[in-house]
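Colleague: Each chain, letter by letter, is given below.
Protein chains: 2
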Amino acid sequence: MVTFSPINTSILNNLSQIVGQDNISTSDSERQLHSRDQSFHEAHLPDVVVWANTAQEVADILALANSHHVPVTAWGAGSSLEGNPLPVHGGILLDMSKMDSIVAIHADDFQVTVQAGKPRKDLNRVLAKYGLFFPPDPGANATIGGMLANNAAGIRTVKYGASKDNILKMQVALADGRLIEVGSRSVKQSAGYNLLQLFVGSEGTLGIITEATLKLAPIPQFRTTMIATFATVEAAIEAVVAIRGSGIDVAALEFLDTIAVTMLIRSGVEIEPNHTLFMEVHTAHESSMQADIDLVSEICKEFDCISFLPIQDYTEQGKLWEARHGSYETIVRLNPDKQFQVMDVAVPISAYPEIIDFGKQLLDEHNIQAALIGHASDGNIHFTLPYSNKDELAIIKHINSLVIAKALELGGTATGEHGVGIGKKAYMSDEHGEAVDVMRMLKQTLDPNGILNPSKVIPD
Amino acid sequence: MVTFSPINTSILNNLSQIVGQDNISTSDSERQLHSRDQSFHEAHLPDVVVWANTAQEVADILALANSHHVPVTAWGAGSSLEGNPLPVHGGILLDMSKMDSIVAIHADDFQVTVQAGKPRKDLNRVLAKYGLFFPPDPGANATIGGMLANNAAGIRTVKYGASKDNILKMQVALADGRLIEVGSRSVKQSAGYNLLQLFVGSEGTLGIITEATLKLAPIPQFRTTMIATFATVEAAIEAVVAIRGSGIDVAALEFLDTIAVTMLIRSGVEIEPNHTLFMEVHTAHESSMQADIDLVSEICKEFDCISFLPIQDYTEQGKLWEARHGSYETIVRLNPDKQFQVMDVAVPISAYPEIIDFGKQLLDEHNIQAALIGHASDGNIHFTLPYSNKDELAIIKHINSLVIAKALELGGTATGEHGVGIGKKAYMSDEHGEAVDVMRMLKQTLDPNGILNPSKVIPD
Chain W
-11 MVTFSPINTS ILNNLSQIVG QDNISTSDSE RQLHSRDQSF HEAHLPDVVV
39 WANTAQEVAD ILALANSHHV PVTAWGAGSS LEGNPLPVHG GILLDMSKMD
89 SIVAIHADDF QVTVQAGKPR KDLNRVLAKY GLFFPPDPGA NATIGGMLAN
139 NAAGIRTVKY GASKDNILKM QVALADGRLI EVGSRSVKQS AGYNLLQLFV
189 GSEGTLGIIT EATLKLAPIP QFRTTMIATF ATVEAAIEAV VAIRGSGIDV
239 AALEFLDTIA VTMLIRSGVE IEPNHTLFME VHTAHESSMQ ADIDLVSEIC
289 KEFDCISFLP IQDYTEQGKL WEARHGSYET IVRLNPDKQF QVMDVAVPIS
339 AYPEIIDFGK QLLDEHNIQA ALIGHASDGN IHFTLPYSNK DELAIIKHIN
389 SLVIAKALEL GGTATGEHGV GIGKKAYMSD EHGEAVDVMR MLKQTLDPNG
439 ILNPSKVIPD
Chain L
-11 MVTFSPINTS ILNNLSQIVG QDNISTSDSE RQLHSRDQSF HEAHLPDVVV
39 WANTAQEVAD ILALANSHHV PVTAWGAGSS LEGNPLPVHG GILLDMSKMD
89 SIVAIHADDF QVTVQAGKPR KDLNRVLAKY GLFFPPDPGA NATIGGMLAN
139 NAAGIRTVKY GASKDNILKM QVALADGRLI EVGSRSVKQS AGYNLLQLFV
189 GSEGTLGIIT EATLKLAPIP QFRTTMIATF ATVEAAIEAV VAIRGSGIDV
239 AALEFLDTIA VTMLIRSGVE IEPNHTLFME VHTAHESSMQ ADIDLVSEIC
289 KEFDCISFLP IQDYTEQGKL WEARHGSYET IVRLNPDKQF QVMDVAVPIS
339 AYPEIIDFGK QLLDEHNIQA ALIGHASDGN IHFTLPYSNK DELAIIKHIN
389 SLVIAKALEL GGTATGEHGV GIGKKAYMSD EHGEAVDVMR MLKQTLDPNG
439 ILNPSKVIPD
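Protein chains in written order, with my numbering: chain W, -11 to 448; chain L, -11 to 448.
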């Protein structure tokens, strides 16, 4: 068991020397602002909040913390859902939000280099002028560093991949204060171990990402949203599997059940109260767009859709996707007496109907009304599990664990895109078996004092 | 410096117990067959060749070798180009070619699980019945395990990615004899460290891949090959950059200069003796195919192409790609008095004209006639450097090192797809800086006795 040293005045003075006294705070308000993410996980107060402005400052903070055995937890936008950036052992909360510069735009290479604290929506606003965008879209205005550290995904992963698929090169600060470069601006590289992907998804437990060169995509020439509604969950999900199997290059294929859709309607969105697929296709030619729409429509009709509506107008599209993105917040807002735990299992697409059926049966047995929202194209489903007291929490935790066990049995994962954080540690051994020992060895090698985001990812 | 123990009778007996006496050989012929790959690198004889039939046998061999400090070098098809599978310290040559079973075909999930020794062409023949294929295409009939261990790429990487992008899950035998599973059949996973990508591209130095679940693509509905020829290298390369920038989803975009094309003509291929782009587009609709062809044609004409020919006939297409694939062998065959070293630098696409210009000038200065063959879409170029004696070898090695230094300066890599092996070790520190120390730490952690493919990847 790793033990940590308390923060003392000398360490605070050293931190202040590194970042300047305006970039360090021990105030209650700042500590509280950095004590919880958007999840149900218990708050943990850091001892001190530090804002870094440069990669060298990050490295210097780590060298200092490492020599004093003080924990360091990196913080992007605080939008994670599994307690990933919570400073469970106190220590230094390293806020990266001031490192938000665009370092270089390589428009001809479809690449951009940014500091890790850049929020993705802000970045995409700038990139739009170049006709480019960074595709991973988890909904929240997460920072690029946070997205990479958690391998965030969201809608559009089916076409463009998760964060891990849209990164070429990073600068990373190691626990001992070294700054290294991993990856290459060359899209092809077979030059030794893939350190890039070792740090992606490591949730700040192996190193802290300070800068990233991202792979960008051209903003599609033609974009159509399609809404199809179904009488049963089964029909909608069967349509999903058929659309995926057809080879159509969909850019998004999202499922919302009637409970989720009803919430959206109550918040003012004009759609029908049925099980619904939200879809999007991106193409370079108008003719292939129509062909894609025709094929999707045909498949939806084959599975007895109640309605099928292609939407070409970009403003209308924007409103619908805004509603889809805000669906979790809408559910929370409309149920002020409830708290929610969001499940994040994912399975091979052929097992998608089975995992949904399994989860729904469990919920029915316990008489729980939970909205189902899923990145259906990737076999990823979020059951939004409500509770209002300890007993109900115990029940939904139990349901969560049963659904996760089923997902693993079906060849899937306990966590499709939310990372491990605190919430999924308990399932790591079930999912990975002895490979967890290898993860533990890598952690020990790269962070021998265990200062980086301690008590995350690796089970104790 | 790691020291190894010699193979003795007791170890041979133990090996024989693991794999059976039919699967072990110390004969000169077998040792020689496994002493060199397709590169110019010096031959190294193993002490014993062992054929494994199961993952457990691989694990048992490693446990045995580890306890006796005997090197183990895995061997797929022996088609690598940087000495990657050469047993430089002798010991056990572990031939994986008998592990060639298809374990499971998950057609609905576009996935297949195979043993690591399966040759890719054999696999694709089976998958064709399901309308699917494994896209990475290095030309040679490499084994899946070898492709993954080297992160092989080849043509079509621009659309489908390298081997690393087409793998979901692997079984890996560790140096200590443990068998672990890494990755998931779920296409989305954010559950801890990405061990999958740590073993991909590690060239058998961190573990030996025994089984792999691959991501497959549907065989495209429509496929067109296009041949465009140009008067100058510059015009051809500028067309490449423009085609990449246009957002057209090309499936292959290959460049061959006049020297390379002339060799193909001498071997019987009917094309014009000019600088040439070989291109391919894959689409789901006929209409978008025509739109793609029109756009590529327009761009090629903008850069004053001499000719532009779309080829729809699949037999004709096959012949041309066969010729492109065989170009290196053709060059070797037509120059029996020469040996060749193949360069493998890759740069961001915007720097492609500059790296080619730089290399060509150097070759001109030394009056060397070298064919240029490149996966142009990925910024990857192979200068095929001829030599017939030690002095000429010294010159081309010097040229190679200058071009690599230039590629690194331009944000590129010393090795786009051939791996590090023996040939690129000297450039690892220039390319990665201090990150090489991290690679060394990982090697030490996962293979403390240094038995796995020793003296590869990591510089001494």
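It is worth saying that the hints were derived from the structure and are not from the lab. Worth double-checking, as some hints may not be accurate.
No copy labels: a pair is met if it fits in one copy or bridges any two.
Result set (DSBU-like, lysine-lysine): computed pairs, CA atoms no more than 35 Å apart in a straight line [as the list claims (entries may be wrong)]: (1) K326 x K109; (2) K117 x K157; (3) K394 x K117; (4) K326 x K203; (5) K147 x K348; (6) K117 x K378; (7) K378 x K413; (8) K157 x K348; (9) K378 x K157; (10) K86 x K378; (11) K289 x K385; (12) K109 x K157; (13) K348 x K86; (14) K413 x K203; (15) K152 x K109; (16) K289 x K413; (17) K203 x K348; (18) K378 x K348; (19) K109 x K86; (20) K203 x K378; (21) K378 x K289; (22) K385 x K203; (23) K289 x K117; (24) K413 x K86; (25) K378 x K147; (26) K385 x K157; (27) K326 x K157; (28) K326 x K289; (29) K117 x K385.
Colleague: Tell me the hint numbers this structure goes against, listed in increasing order.
Modeller: Failing hints, ascending: 4, 6, 9, 10, 11, 13, 16, 20, 21, 25, 27, 28, 29.
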